[in-house]
Amino acid sequence: MSQSPTPTMPSLATQSLGMSYGSRQVIDSLDITLPSGQVTAIVGPNGCGKSTLLAGLARLHKPDSGAVLLDGADIQRLPTRQLATQLALLPQEAVAPEGLTVTELIRFGRQPHQGWLRQWSAEDQRVVQHALAAAGLEQLADRPIDALSGGQRQRAWIAMTIAQQTPLLLLDEPTSALDLGHQIEVFELVKHLAHHGRTVVMVLHDLASACRYADHLIAMREGQIIAEGQPAKVVTPDLVRMLYQVECSLLTDPATGCPLLTNVRRIQASN
Amino acid sequence: MPAFYGILSGGGENDSVPPLQGYWRFAWQGRHGANSLMFEQRAVVVNLGLFGALLLASVIYLSLGSVKVAPMAVLQALFGNADMMASFVVQELRLPRLAAAVSTGAAFALAGILMQTLARNRLATPGIIGIDNGATAFAVASIVGVGFSIAPPAMALAGATTAAVLTFGLAAGSGTQGYRFIVAGIGVGAVFGAVTQLMLARVAIDTANAAYPWTVGSLNARPSGALQLLMFGLALGLATAMALARSLTLLRFKDATASGLGVNVRRRRLEVLLLSVALTGLAVAVAGPVGMVGLIGPEIARSLSSSRSVPVLAATLAGALVMVLADLAGRTLLAPIEIPVGIVTAVVGGPWLLWILMRPQRSFT
Numbered sequence: 001m002s003q004s005p006t007p008t009m010p011s012l013a014t015q016s017l018g019m020s021y022g023s024r025q026v027i028d029s030l031d032i033t034l035p036s037g038q039v040t041a042i043v044g045p046n047g048c049g050k051s052t053l054l055a056g057l058a059r060l061h062k063p064d065s066g067a068v069l070l071d072g073a074d075i076q077r078l079p080t081r082q083l084a085t086q087l088a089l090l091p092q093e094a095v096a097p098e099g100l101t102v103t104e105l106i107r108f109g110r111q112p113h114q115g116w117l118r119q120w121s122a123e124d125q126r127v128v129q130h131a132l133a134a135a136g137l138e139q140l141a142d143r144p145i146d147a148l149s150g151g152q153r154q155r156a157w158i159a160m161t162i163a164q165q166t167p168l169l170l171l172d173e174p175t176s177a178l179d180l181g182h183q184i185e186v187f188e189l190v191k192h193l194a195h196h197g198r199t200v201v202m203v204l205h206d207l208a209s210a211c212r213y214a215d216h217l218i219a220m221r222e223g224q225i226i227a228e229g230q231p232a233k234v235v236t237p238d239l240v241r242m243l244y245q246v247e248c249s250l251l252t253d254p255a256t257g258c259p260l261l262t263n264v265r266r267i268q269a270s271n
Numbered sequence: 001m002p003a004f005y006g007i008l009s010g011g012g013e014n015d016s017v018p019p020l021q022g023y024w025r026f027a028w029q030g031r032h033g034a035n036s037l038m039f040e041q042r043a044v045v046v047n048l049g050l051f052g053a054l055l056l057a058s059v060i061y062l063s064l065g066s067v068k069v070a071p072m073a074v075l076q077a078l079f080g081n082a083d084m085m086a087s088f089v090v091q092e093l094r095l096p097r098l099a100a101a102v103s104t105g106a107a108f109a110l111a112g113i114l115m116q117t118l119a120r121n122r123l124a125t126p127g128i129i130g131i132d133n134g135a136t137a138f139a140v141a142s143i144v145g146v147g148f149s150i151a152p153p154a155m156a157l158a159g160a161t162t163a164a165v166l167t168f169g170l171a172a173g174s175g176t177q178g179y180r181f182i183v184a185g186i187g188v189g190a191v192f193g194a195v196t197q198l199m200l201a202r203v204a205i206d207t208a209n210a211a212y213p214w215t216v217g218s219l220n221a222r223p224s225g226a227l228q229l230l231m232f233g234l235a236l237g238l239a240t241a242m243a244l245a246r247s248l249t250l251l252r253f254k255d256a257t258a259s260g261l262g263v264n265v266r267r268r269r270l271e272v273l274l275l276s277v278a279l280t281g282l283a284v285a286v287a288g289p290v291g292m293v294g295l296i297g298p299e300i301a302r303s304l305s306s307s308r309s310v311p312v313l314a315a316t317l318a319g320a321l322v323m324v325l326a327d328l329a330g331r332t333l334l335a336p337i338e339i340p341v342g343i344v345t346a347v348v349g350g351p352w353l354l355w356i357l358m359r360p361q362r363s364f365t
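If you read the protein sequences in the order shown, they are chains A and B. Taking the numbering used here, the leading residue of the first sequence gets 1, the next gets one more, and so forth. Taking the numbering used here, the leading residue of the second sequence gets 1, the next gets one more, and so forth.
The following block holds chain A by itself, in its conformation from the complex (with noise of 0.2 Å):
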């Protein structure tokens, strides 16, 4: 079974890009370049531009200037259904029309690979069949994704994606509405699809998962990047206060060697 979307793995990247949100200029003149077969967590406070920043890369929204680069060429130019078999997104609190089963949703990611006269291939069926396994999500193929625990829901859309069986996945806070267990096994699934070929950039709030599952991380206040890199190397508490306004600590966890969170607390006034 091939498992890996294609051979050669497409590049993302921005170009001066300046993007706003209504008439609020939210991003001005932005240059990322997104590490290839890597996880990718966007952070920063609320309102700092990382969702916008996703929704251009996912070419939802227009930027007003520069541009959106897949593999080097402007993706607003590109056809949407081409787009779709190059990159695949996962929007913040997706919902499925009521009744649908977890396969029928994931049928759906095969749609840019299909047309009027090609409705349904073997292939449609092995890489479908894949995704159900991939996600974990055999045994719940016919439940409807109502009937879902959060996690098991968000699998299933994140199954969707990989049926898309693109190189590239945008993921916006997926697990933003999801109790400890269940960030853990979404986390887990990005990170073996990244281990298998895949680029995966995610939008994020919580600092301590991006640590924690990411391998690049992209720290963004006011529509800025302040910090790029890997998370071991760019976290420190100069960061986090410049972020979120809070005092912290540093720790490195003796389990996995990422950076650990401790001792939060809010700057005091008298500084």
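Derived by calculation from the structure, the hints in this document are not laboratory data. Hints should not be assumed to be uniformly reliable.
When the alpha-carbon atoms are kept at most 30 Å apart in a straight line, the in silico DSBU-like pairs for lysine-lysine are as follows [what the hints assert, rightly or not]: (1) A/Lys191 / B/Lys254; (2) B/Lys254 / A/Lys62; (3) A/Lys191 / A/Lys233.
Here are some, though not all, of the chain B residues that point toward chain A, as calculated from beta-carbon distances under 7 Å [what the hints assert, rightly or not]: (4) Arg252; (5) Gly262; (6) Asn264.
We treat Cβ as the ideally placed atom computed from N, Cα and C, and that holds for glycine.
Since the structure of chain A is already known, use the hints to place chain B on it.
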């Protein structure tokens, strides 16, 4: 449902596809690789069932009335070897009206399910968001001769478009989703309804009488040419809607999801909206505002269908069926008095709407 795995032809590795439960798959080797078509079994059964019911209702429609024609005689009259009387009643009197009932019901219901899908809201039918009323106001204006008189279909189309544009303008950029759009539409509809009444109040009573069918919805006063135009538009609209079926299925998801799966959301939206508005305008030009069908038809179709796709064809057939039955009831129940079809659908549709609102919430998206 019996398992039936479709025709596998041509052989080869590509065709050995495990059956997908609930679908019939037809595969063949085409010039550009393996081709396949999928038909959802339930949808096929539902569509055939609705079509059969429509045929049956049509025969009954042609047979009942002030002059009763036996069903066998109806069939003979249709195929041209019946007595003069039966032929005249069936072919000259009832068949054109049946055609009007079928096409308007189909057009209203198709417009309804398109708009509902677009707005991701089961209440967002053209009748409820004021498009019917806009079309009616313009058509009545042309009949009572307020300054200009273009043919009613053109005026109804212009009215439908005006109402849609106003509704969008008043929804102020919040798009076709959410309650703002629906509330704006209800407001626009109310204004157009009042304008219609005002025009009727100001003209001579004879003229007002002539325009009366327009305000309640009736198949009695079909303007010449409007029906042909509607049938043409319906054929085109249904074909387009079927071609858009795959996109429609994905438009039920959030924009971001649909777009991520390769749907050009903005463009599809516009196409679906134009289609819905045009169908409404053309149908109003024939029957007046019978918008309730736009709510009932899709509702019947959805209750019969699975949630895998948007039941475009089933809604269209159900709308035609509802309209035929409603007009049949209107013609025969209180004969010789005829109840306008718009009143019959409102009497049935009103309680239906209340039931939709009051039964346990099932979100449409």
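Status of each hint after checking the structure:
Of the pairs offered as hints, the one joining A/Lys191 and B/Lys254 holds, with about 26 Å between alpha carbons and a cut-off of 30 Å not exceeded. Our distance criterion of 30 Å between C-alpha atoms is met by B/Lys254 and A/Lys62, whose separation comes to about 18 Å. Distance check on the hinted pair: A/Lys191 and A/Lys233 sit about 20 Å apart at the alpha-carbon level, within 30 Å; holds. The beta carbon of B/Arg252 comes within 5 Å of a beta carbon in chain A, closer than 7 Å, and the hint placing it at the interface holds.
Interface hint status for B/Gly262: upheld, as the beta-carbon distance to the closest one in chain A is roughly 3 Å, under 7 Å. Because the smallest distance between the Cβ of B/Asn264 and any Cβ of chain A comes to about 4 Å, under 7 Å, the interface hint for this residue holds.
In this structure, none of the earlier numbered hints is contradicted; all agree with it.
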